[in-house]
Amino acid sequence: MANDTSKNRKAILVTPEACIGCRACQVACKSWNQLPAIKTTNNGTYQNPPDLASAAYNIIQYSEVPFKENLVRWLFLSRRCMHCEDAGCVTICPSGALYKTAEGAVAFDRDKCIGCKLCVTACPFDVPRYDGEGKVTKCHLCFDRIANGMDPACVKTCPTGALKYGDRAELIDTAKKEGYTTLYGENDLHGLGSVYAFKEEPKLYGMKENPAIPSSVVFWHNYLKPLSLIGLGGVVAAAAVHYLAIGPHKEKEEEV
Amino acid sequence: MAEMVRKSSVDEVVNHWILAGSCILLGITGFAFLFHLEWVSSLFGGVNTMKEVHNWGGVVFCLSLLYSMRHYLKDAFEYDADDWQWFKVAGGYLSHKVKVPPMGKYNPGQKLYYLAIVVAGIAIALSGFGMWFLKEDASMLLLSHIVHNVAFIIFVIAVPVHIYLGTLANPGTLQIMLTGMMPLNEAKKKHPKWIKAVGKM
Numbered sequence: 001m002a003n004d005t006s007k008n009r010k011a012i013l014v015t016p017e018a019c020i021g022c023r024a025c026q027v028a029c030k031s032w033n034q035l036p037a038i039k040t041t042n043n044g045t046y047q048n049p050p051d052l053a054s055a056a057y058n059i060i061q062y063s064e065v066p067f068k069e070n071l072v073r074w075l076f077l078s079r080r081c082m083h084c085e086d087a088g089c090v091t092i093c094p095s096g097a098l099y100k101t102a103e104g105a106v107a108f109d110r111d112k113c114i115g116c117k118l119c120v121t122a123c124p125f126d127v128p129r130y131d132g133e134g135k136v137t138k139c140h141l142c143f144d145r146i147a148n149g150m151d152p153a154c155v156k157t158c159p160t161g162a163l164k165y166g167d168r169a170e171l172i173d174t175a176k177k178e179g180y181t182t183l184y185g186e187n188d189l190h191g192l193g194s195v196y197a198f199k200e201e202p203k204l205y206g207m208k209e210n211p212a213i214p215s216s217v218v219f220w221h222n223y224l225k226p227l228s229l230i231g232l233g234g235v236v237a238a239a240a241v242h243y244l245a246i247g248p249h250k251e252k253e254e255e256v
Numbered sequence: 001m002a003e004m005v006r007k008s009s010v011d012e013v014v015n016h017w018i019l020a021g022s023c024i025l026l027g028i029t030g031f032a033f034l035f036h037l038e039w040v041s042s043l044f045g046g047v048n049t050m051k052e053v054h055n056w057g058g059v060v061f062c063l064s065l066l067y068s069m070r071h072y073l074k075d076a077f078e079y080d081a082d083d084w085q086w087f088k089v090a091g092g093y094l095s096h097k098v099k100v101p102p103m104g105k106y107n108p109g110q111k112l113y114y115l116a117i118v119v120a121g122i123a124i125a126l127s128g129f130g131m132w133f134l135k136e137d138a139s140m141l142l143l144s145h146i147v148h149n150v151a152f153i154i155f156v157i158a159v160p161v162h163i164y165l166g167t168l169a170n171p172g173t174l175q176i177m178l179t180g181m182m183p184l185n186e187a188k189k190k191h192p193k194w195i196k197a198v199g200k201m
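So the protein sequences, as listed, match chains W and D.
Quick note on numbering: this note's numbering labels position 228 of the first sequence as 228, and the sequence is numbered without any gaps.
Quick note on numbering: this note's numbering labels position 3 of the second sequence as 3, and the sequence is numbered without any gaps.
FYI, nobody ran anything at the bench for these hints, they're computed from the structure.
Watch out, some of these pointers could steer you wrong.
[Claimed, not checked] Covered by chain W, according to a simulated footprint, are these stretches of chain D (three or more residues, beta-carbon under 8 Å):
{"#": "1", "region": "31–42"}
{"#": "2", "region": "46–53"}
{"#": "3", "region": "69–76"}
{"#": "4", "region": "89–97"}
{"#": "5", "region": "158–170"}
Here a beta-carbon is modelled for each residue, glycine too, at the ideal position from N, C-alpha and C.
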């Protein structure tokens, strides 16, 4: 189910350890994509808005995890579309609204979206959101910026280097050399376009373990789709063979 | 002119072509969704309009399928010894030399075809409505999606067989579904038990 592997695949490298939770990435994203504000209420956390939304393509997830003797660690995780190489949303989209760019970004063509919401069911990371008009929205890795040699808005504004953009292989190499032992997304779903560099267990930060496309979507793509063509082609061919080899029903032979 | 006998009522003929037309339209647009055929969606002025055509075409198909039950459902459940013999000689389709047992109004192949269309049709209609109206529920949406596609495969295999057998393989059959009438002599040969039952033989 893999999409084309591009040698110059680009990626965002997220280093949660370097994130200070300033949320400049959220603001920059809204600014570039001209997304409206979302009215929320204080629910006891800095995390705002509480989840990805049609007007929030990225968010910082704040989590407080117990740490040794009664200490609490406050962890920041920048979330957005993972830009999977093997993207379930692109695979299942019946209208071609979701597609992959040359850089490996999963972008969307709003006009083509038919609002079926199949992408929501096929995404292993719960990323796509629908706007008020029933059209898909999600992070598109600023495909318009990166196609013109610029960094994605969130990366451009990040003050600490927690977000980096560049050649995917180079980013992963550098992170490994810097001592990050776990690169989340290096190989998941044939490699994610949002790679996370950790020195600890990704689970601690709330990363999903063993992300996968729903098995019914994989089955549909690998077997049912080809079978529909083989089935149609097969019976048309069989009819042609029957017509030539045995031939149509003839009236006279009926009287035997 | 040869004496004719009515095999299909006017409403049956009309409904058959509504069912057939909507089925083919749904099949073509279905393939267009499955394989992103832009040359098909552009015929409809875009993929959003094609979705509307597909959805409402599905409603037409669904109503037409329900209406067709009054014509075929009862017959489709009745099989006799000749029907089993018909299967043994493959309906005479694999050799013109075998003796095909006397048939009623429909042969068992047609009856099983109808049952397949009813079962796959109900499945594809319910799953279609599932994707249309229950898309907020991810598990219902995925279930509907897979059922819709499995039923689609039954259609793409069964329908072309039906079209071939109703046209090229059996010359004269198409005329029956266009006019509702068939020559009495031919009906006596092909459907002796039906002609006896209606008292014309």
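Tell me if chain W covers the region 46–53 of chain D under the three-residue, 8 Å CB rule, please? It holds, with 4 qualifying residues against the three required.
Check, residue by residue, whether the region 158–170 of chain D contains three or more positions whose beta-carbon lies closer than 8 Å to a beta-carbon of chain W, and give the verdict. With 6 residues closer than 8 Å to chain W, the region 158–170 of chain D meets the three-residue bar; holds.
Do three or more residues from the region 31–42 of chain D put their C-beta atoms closer than 8 Å to C-beta atoms of chain W? It holds: at least three residues are needed, and the region 31–42 of chain D offers 7 whose Cβ sits within less than 8 Å of chain W.
Under a C-beta cut-off of less than 8 Å, do 3 or more residues of the region 69–76 of chain D approach chain W closely enough to confirm the stated coverage? Since three or more residues must qualify, the claim that chain W covers the region 69–76 of chain D is violated, with 0 doing so at under 8 Å.
Please count how many residues of the region 89–97 of chain D have a CB within 8 Å of a CB from chain W and say whether that reaches 3. Satisfied; 6 residues make the cut.
Hint compliance for this structure: hint 3 is the single one not met.
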